[in-house]
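Protein chains: 2
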Amino acid sequence: MTRTILSSATKEVVIGFDQPFCVIGERINPTGRKKLAAEMKAGDYSTVEADAIAQVAAGAAMLDVNAGIPLADEPRILAETIELVQGLVNVPLSIDSSIIEALEAGLAVYKGRPLVNSVTGEDESLERVLPLIKKYDCAVVAISNDETGISEDPDVRFEVARKIVERAQDHGISRNDVVVDPLVMPIGAMATAGRQVFALLKRLREELKVNSTCGLSNISFGIPNRHVLNAHFLSMAAASGLTSAIMNPLHAQEIDGAMAANVLNGVDGDCASWIVKYREPVDPEAGARPRGRENRRRRRAV
Amino acid sequence: MTRTILSSATKEVVIGFDQPFCVIGERINPTGRKKLAAEMKAGDYSTVEADAIAQVAAGAAMLDVNAGIPLADEPRILAETIELVQGLVNVPLSIDSSIIEALEAGLAVYKGRPLVNSVTGEDESLERVLPLIKKYDCAVVAISNDETGISEDPDVRFEVARKIVERAQDHGISRNDVVVDPLVMPIGAMATAGRQVFALLKRLREELKVNSTCGLSNISFGIPNRHVLNAHFLSMAAASGLTSAIMNPLHAQEIDGAMAANVLNGVDGDCASWIVKYREPVDPEAGARPRGRENRRRRRAV
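Protein sequences appear in the order of chains X and P. Just so you know, the first sequence maps onto residues 43 to 344 in the working numbering. Just so you know, the second sequence maps onto residues 43 to 344 in the working numbering.
Honestly, the hints are just simulated from the structure, not real lab data. Fair warning: there could be bad hints in the mix.
A pair holds if it fits inside one copy or across any two, identical chains being indistinguishable in the list.
Claimed, not checked - Straight-line C-alpha distance at most 35 Å; calculated DSBU-like pairs for lysine-lysine:
no.: 1; residue 1: K205; residue 2: K244
no.: 2; residue 1: K77; residue 2: K153
no.: 3; residue 1: K319; residue 2: K83
no.: 4; residue 1: K244; residue 2: K319
no.: 5; residue 1: K251; residue 2: K76
no.: 6; residue 1: K83; residue 2: K244
no.: 7; residue 1: K319; residue 2: K251
no.: 8; residue 1: K319; residue 2: K177
no.: 9; residue 1: K83; residue 2: K251
no.: 10; residue 1: K319; residue 2: K77
no.: 11; residue 1: K176; residue 2: K83
no.: 12; residue 1: K244; residue 2: K76
Remember, it's a predicted structure, so these values are computed and weren't measured experimentally.
Hey, can you work out the whole structure from these sequences and the hints?
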């Protein structure tokens with residue numbers, strides 16, 4: 043059974059086909075967030091702190107941490123951010139950078155067993171990132187593109203994933219520690235984007251026997267009512283084999299989708315997490331009259 | 043390519059793997075609705091009329107019509123209900139009864155090509171219902187239980203479905219006209235209920251090459267926040283091959299699930315239905331400022 047084991051100093055998270063879907067919070071990332079980028083560059087981590095706490099409270103099992111700021115000292119800022127976040131919350135982290143020196147700086151200060159985001163199928167990336175994964179005995183996100191770019195042919199993307207898994211094994215890294223991102227295209231640009239990913243996820247699970255992740259919201263780029271579409275993409279992909287996603291846990295619909303997928307995939311034992319979250323509170327003063335959450339739900343239903 | 047073609051006097055609906063998910067409205071059914079049962083028995087069809095119009099307005103592509111009222115003249119009431127509903131809305135109907143005389147009375151007055159709900163794998167049911175399907179050249183829901191009851195083993199349920207398809211062929215009925223209900227168990231009673239149905243749906247599609255349907259809300263029996271769970275069950279099942287469901291289209295979450303599944307399965311061409319329903323209205327007085335729906339969505343998000 044495939045198991046990717048990540049940890050912080052005090053907490054372990056397992057990604058696997060028999061495990062609850064692993065929600066990886068995406069918010070600590072200055073890409074496209076000018077204010078956050080300026081703050082982090084100036085050494086102000088107040089938004090990072092708030093995002094860390096809010097995402098874990100909303101249901102993130104892990105947090106992705108990215109410090110990609112143009113013309114900034116990314117290795118130093120990434121390491122500082124990781125130390126800060128690990129001091130605030132106990133979930134394992136995904137160390138996210140395209141710069142090898144930043145990954146190394148982050149790994150040097152990290153407490154526990156992180157996920158490194160990411161390696162691609164490009165030879166240069168493989169030869170620079172995989173030795174780090176081996177050295178620090180951690181896990182890595184494998185993005186299924188290579189020197190030729192992102193193929194629209196899912197069979198090509200599968201072969202790139204296979205190549206990364208095999209190259210990792212050459213470096214002494216188990217397939218348990220390679221989490222493949224099949225690459226999600228916007229459904230508005232390519233009507234087959236959903237079915238392609240569902241088919242790829244099934245092959246990744248059945249043939250390559252690896253865990254998987256994706257940037258969830260890519261699917262709905264340019265489309266209205268994105269959260270509902272993201273949520274159903276999550277549950278449909280989970281039915282096809284997706285075991286984690288990098289996503290915004292502050293959006294309730296997407297968390298609903300992950301929790302429903304757990305119930306329906308039979309990995310929320312006795313539906314316990316679902317029932318605890320959604321059951322009607324009982325008012326001890328007034329008997330079993332439902333209140334609060336039920337009313338909120340009624341308002342949300344049209 | 044498997045295609046189940048249903049029609050009213052003026053409208054055709056196709057159920058198929060390359061078609062939008064077929065939402066069959068379940069509301070016109072006195073089972074568990076005492077007031078409706080009393081009304082229908084007394085010849086008062088005002089609730090039936092309201093339910094027919096509301097369900098089609100909410101997105102039902104077909105309506106199920108059931109007149110199962112204890113100690114009532116079900117054949118007469120079912121026929122009257124069908125005539126009334128066909129006079130009000132133009133969607134094809136599913137004629138729903140466990141009594142052969144009621145099915146025959148409904149078929150005799152129906153205009154177009156209906157779905158008959160249902161036949162089981164029991165020999166008596168097969169030998170009484172299938173000749174009617176052949177006589178009226180229509181389609182039938184095949185429920186995968188037999189004399190031994192409902193098996194918890196999905197392989198047994200698949201073999202019952204295969205038996206019904208083969209017996210239908212013996213009667214000159216094409217597999218295109220057999221819509222299999224794999225039988226959905228409550229997930230609260232059986233944690234594997236979801237995965238069982240997903241696996242069965244895949245076999246029904248790939249091996250038996252038949253369309254499928256189910257009573258959607260069975261999955262969430264006894265569980266809180268049912269609409270969200272139903273909605274994700276719908277989209278996950280649609281990813282596995284489900285092509286229709288008997289469900290309540292007045293619940294917005296379930297319709298969202300069906301529409302999202304269409305987008306993500308690539309059967310909502312250019313995402314047109316999704317975009318028309320969810321795009322931000324443009325106020326000609328005020329430029330492109332979003333209003334209305336967007337505000338409603340913001341309130342629904344927690």
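- Query: When no copy is named, should K205 and K244 be tagged within, between, both, or neither for a Cα gap of at most 35 Å?
  - Reply: Close inside one copy (17 Å) and across copies (29 Å); limit 35 Å.
- Message: At most 35 Å between alpha carbons: which applies to K176 and K83, within, between, both or neither?
- Response: within (31 Å within a copy, 75 Å between copies)
- What label fits K319 with K83 when the C-alpha limit is 35 Å: within, between, both, or neither? Answer is neither; intra-copy 38 Å and inter-copy 42 Å both fail.
- Is the C-alpha distance from K83 to K244 at most 35 Å within one copy, between copies, in both cases, or in neither? neither (41 Å within a copy, 51 Å between copies)
- Query: 35 Å Cα cut-off: does K244 pair with K76 within a copy, between copies, both or neither?
  - Reply: Answer is neither: 38 Å inside a copy and 46 Å across each miss the 35 Å cutoff.
- Query: Within a copy, between copies, both or neither: where do K319 and K177 come within 35 Å Cα-Cα?
  - Reply: Neither. Shortest intra-copy (40 Å) and inter-copy (52 Å) distances fail the 35 Å Cα cut-off.
- Intra/inter-copy verdict for K244 and K319 if alpha-carbon distance must be at most 35 Å: both (30 Å within a copy, 31 Å between copies)
- Intra- versus inter-subunit Cα pairing at 35 Å for K319 with K77: Close inside one copy (34 Å) and across copies (34 Å); limit 35 Å.
- Message: I want to check one pair: K251 and K76. Are their C-alpha atoms no more than 35 Å apart within a copy, between two copies, both, or neither?
- Response: For K251 and K76, the Cα distance exceeds 35 Å both inside one copy (39 Å) and across copies (52 Å).
- Message: When Cα atoms must be at most 35 Å apart, do K77 and K153 count as within-copy, between-copy, both, or neither?
- Response: Close inside one copy (28 Å), not across copies (64 Å); limit 35 Å.
- Which holds for K83 with K251 at a C-alpha limit of 35 Å: within a copy, between copies, both or neither? Neither: 40 Å inside a chain and 58 Å across chains, both beyond 35 Å.
- State whether the alpha carbon distance between K319 and K251 is at most 35 Å within one copy, between copies, both, or neither. Answer is within: at 32 Å inside a copy they meet the 35 Å cutoff, but 39 Å across does not.
Of the numbered hints stated above, those contradicted by the structure are hints 3, 5, 6, 8, 9, 12, listed in ascending order.
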